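Enquirer: Using the sequences and the accompanying hints, generate a full structural model.
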Amino acid sequence: MSARILTVDDSASIRLTTRVALSNAGYAITEAVDGLDGLSKLKGGQYDLVVTDLNMPNMDGLTMIRELRKIPSCMGVPVIFLTTESDNELKQQAKSAGATGWLTKPFDPESLVKIVKKVLGR
Amino acid sequence: MSFPDPIAVFRTEAAELLEQVESGLLDLNHDLSDKEQVDAVFRGLHTLKGSGAMFGFEALAAFTHHCETAFDQVRKGIVPATHDLVTAVLGATDHMRALIEVPGGDHDAASETLLTRLRAAVAAAGHPAGAAPQAAAATPAAPVETASSAAAGQSGQKSGIVTYKIRFSLPQNAMANGTNPIGLLDELAELGTATIRADLSRIPAIDDLIATDLYVCWEVELSTDKPRDAIDDVFIFVMDEMQLEVTVVEPQGTTAEPPAPQATPAPVAAAAPAAPVAPSTQSTSAAAVAAAPAAAPAAPAASGRGAAQADAKQQKAAENVRVPAERLDELMDRVGELVIAQSRLSQLAGVSGDLMLRAVSEDVERLSGELRDTMMVLRMVPVAQLFGRFRRLVHDLAIETGKAIELVTEGETTEVDKSVIERLADPLVHLVRNSCDHGLESADERRAAGKSPTGRIFLSARQQAGEVIITIKDDGRGINRERVRAKAESSGLIAANASLSDQDLLQLIFQPGFSTAQQVTNLSGRGVGMDVVKRTIDALRGTINVVSRPGEGSEISLAIPLTLAIIDGLLVRVGSGRYVIPLSAVEECLELSVEEDMRSRGRSFISLRDSLVPFIRLRDLFRTGTKPDPFQKVVVISTGAERVGLVVDQIIGDHQTVIKAMSKLHHDVVTFSGATILGDGGVALILDVAHLVAAGQQQEAHLRAAG
Chain D
1 MSARILTVDD
11 SASIRLTTRV
21 ALSNAGYAIT
31 EAVDGLDGLS
41 KLKGGQYDLV
51 VTDLNMPNMD
61 GLTMIRELRK
71 IPSCMGVPVI
81 FLTTESDNEL
91 KQQAKSAGAT
101 GWLTKPFDPE
111 SLVKIVKKVL
121 GR
Chain X
123 MSFPDPIAVF
133 RTEAAELLEQ
143 VESGLLDLNH
153 DLSDKEQVDA
163 VFRGLHTLKG
173 SGAMFGFEAL
183 AAFTHHCETA
193 FDQVRKGIVP
203 ATHDLVTAVL
213 GATDHMRALI
223 EVPGGDHDAA
233 SETLLTRLRA
243 AVAAAGHPAG
253 AAPQAAAATP
263 AAPVETASSA
273 AAGQSGQKSG
283 IVTYKIRFSL
293 PQNAMANGTN
303 PIGLLDELAE
313 LGTATIRADL
323 SRIPAIDDLI
333 ATDLYVCWEV
343 ELSTDKPRDA
353 IDDVFIFVMD
363 EMQLEVTVVE
373 PQGTTAEPPA
383 PQATPAPVAA
393 AAPAAPVAPS
403 TQSTSAAAVA
413 AAPAAAPAAP
423 AASGRGAAQA
433 DAKQQKAAEN
443 VRVPAERLDE
453 LMDRVGELVI
463 AQSRLSQLAG
473 VSGDLMLRAV
483 SEDVERLSGE
493 LRDTMMVLRM
503 VPVAQLFGRF
513 RRLVHDLAIE
523 TGKAIELVTE
533 GETTEVDKSV
543 IERLADPLVH
553 LVRNSCDHGL
563 ESADERRAAG
573 KSPTGRIFLS
583 ARQQAGEVII
593 TIKDDGRGIN
603 RERVRAKAES
613 SGLIAANASL
623 SDQDLLQLIF
633 QPGFSTAQQV
643 TNLSGRGVGM
653 DVVKRTIDAL
663 RGTINVVSRP
673 GEGSEISLAI
683 PLTLAIIDGL
693 LVRVGSGRYV
703 IPLSAVEECL
713 ELSVEEDMRS
723 RGRSFISLRD
733 SLVPFIRLRD
743 LFRTGTKPDP
753 FQKVVVISTG
763 AERVGLVVDQ
773 IIGDHQTVIK
783 AMSKLHHDVV
793 TFSGATILGD
803 GGVALILDVA
813 HLVAAGQQQE
823 AHLRAAG
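Protein chains in written order, with our numbering: chain D, 1 to 122; chain X, 123 to 829.
Keep in mind that a hint or two might mislead.
Straight-line Cα separation of at most 30 Å, DSBU-like style, residue types lysine-lysine; simulated pairs [as the list claims (entries may be wrong)]: (1) X/Lys348 <-> D/Lys70; (2) D/Lys114 <-> X/Lys348; (3) D/Lys91 <-> X/Lys157; (4) X/Lys198 <-> D/Lys70; (5) X/Lys287 <-> D/Lys41; (6) D/Lys43 <-> D/Lys114; (7) D/Lys114 <-> X/Lys287.
The set of hints was computed from the structure by calculation and includes no laboratory data. None of the values given here were measured: they were computed from a predicted structure.
Expert: Quick look at the structure:
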């Protein structure tokens, strides 16, 4: 079975781009529109990887990463966060919150797939 | 699997983001301390920048970056939010729209002007030296560049195979955070030929072992032709927290570097990449899985409340699906065809008398009716969408006119067909402009008149039967009747001293070419006059009502049908042709008695409960050339207070009508507003009520004048 990936982003166009890139690479994608949505989807299902934005309404990516690390079933699930150059400070915070890796926006679909492969190991 | 075009999705999203940013800015202008709006504006700009760069809108990303930076400073409390700053960013949002619409256009000068304004606003707000946006301006393309420069930097040494001795230990919580050591080892192994040894010396006694922690270190001897950076790249995500020693082993074996001092005890060695390591790591991860339930009890307690909130929010999010407008239109077309096909089926079934066929036909009729109703609901959108734009408009107008203006909106949840909303936008903009520009007085004038210095514009919507009533009201000076009359007389619209009812006088402002010279300013008189407003509303089969009290203000109400796609109509026959009269306009139907018919010859009035109503013989209007039916019927229709009777040969009955627009060739035909296809495949024209009523009233005025 292909790896299940949850993408969390408030931007519909970015969600679409990640969905296109990752589906084409053979992954099964579920989308969430913000941290709260992402968290509830994480609680409701098993995912092999999470790709999340940092700045989002309702719950930002940082808080979501902290919360998801408290969910037993999310133990060890890799989290890649999408960040911009200007978020360098946030990058550190995200890492200490429990994120696995990051990708700098703007990104092209290939680098996303590459990083997902790297982190998933498949 | 097919996906929508990401660029198109981005454009839609950007439009929404800009609206959200704008509305946040306007709220902020009301209350500069509104932290929530600062965050919302920042987020909007941030997303716009990020997505913009993703989809090739680099100029947009670079420009938005400055606004985002400014708001980041506000967010962090470095710079306070000021009206100047808000206004500067508001102005910038328009520019962002332009950057999205014409990404390749020449926007540099405009960008620079806006950025200067932004910097000034930030500087004035008391930022030390106001330097941040300036500094950022030096590297506008930075986010775009960095991605590629990282790759370019590695093409240094590339000759021959080098053997590295790599020793690393990962952070103890690496696995809990999703880093997979096996994956890293695999990646190293893929770079060349690797020998991997696990150092298990740090694994504690079983009682002290935390199952999710990582105690294993690794030593890898890697022979590769890849540059040194490739090794760092493997560890890129854990680089900061890990320990990594990389040393070069001399090719001849005469190594300057002695073997690692802590000579590996119980070395698990192998030539094949990673394989022997697996057991040790696997046992760790197996332990991790085993330990997970133990950790479980603590977690749910902490996140319980969050979950409940999340559920509620998510449910809300899941309730909406975004569909491109044209798909709805296509669906609407199909439903229209279905309704037409269904009525043909009913007719056939009625004639054939086959009971089975009739039963099926009734089912199809019910289903298509339900489908049509559902379809109509799908197309309804709240007028909030429309009203949202006016906050910005009024804000800008207040600045332009130097007046203090407050916009009050009401009934924003009222829903109207989306095509109606689109077509209402321009007329409403014009009416709101008019109110701000002509209607409202200056603050001084208002004070002198004993009013509050802040003028108020009320924008409200409410549903009433099959119509939505949109009202634009101001508490300004009211329409100056003398000036309207003078203008109308001088332009020959009415005879000097003609007696006109107040309503008729006010309606004159909708006449083509009616614009009092004193009134043309930068804001109004931009080629769109009230006549265009009137025409648009007529085309929507709506009506305009004007109320104005001198010194107290004006109120213009637009009554618009809820939908343009399907109407309830009254099907009538005139001669051999069939016509549809929109049911919403029909007041009553009566028989034209022979006496009344005779009496009214040449005068064309019928008395209807003590009042005279003019009527139009459609037979004459359409020149049917057929003999009139013996019992002529009159359908009394009205728009607002005005009534007119239409004489027809036969009233066939109610008819759900799917409106088809007429071709451009029929653009000048004013008597009809569209066409529809009947159950038997025939075509019926839909009568334009507004036009017929106006014609009837003219006829009445003409006869009065004559007689």
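Enquirer: Does each hint fit the structure? Answer for all of them.
Expert: Hint by hint, here is what the structure shows:
1. X/Lys348 <-> D/Lys70: Not satisfied, since the Cα-Cα distance of roughly 39 Å exceeds 30 Å.
2. D/Lys114 <-> X/Lys348: Status holds; Cα separation ~18 Å.
3. D/Lys91 <-> X/Lys157: holds (24 Å)
4. X/Lys198 <-> D/Lys70: Cα-Cα ~28 Å, so holds.
5. X/Lys287 <-> D/Lys41: Violated, at about 43 Å.
6. D/Lys43 <-> D/Lys114: OK: D/Lys43 and D/Lys114 at ~27 Å, within 30 Å.
7. D/Lys114 <-> X/Lys287: Status holds; Cα separation ~26 Å.
Checked against the numbered hints given earlier, the structure breaks hints 1, 5 and satisfies all the rest.
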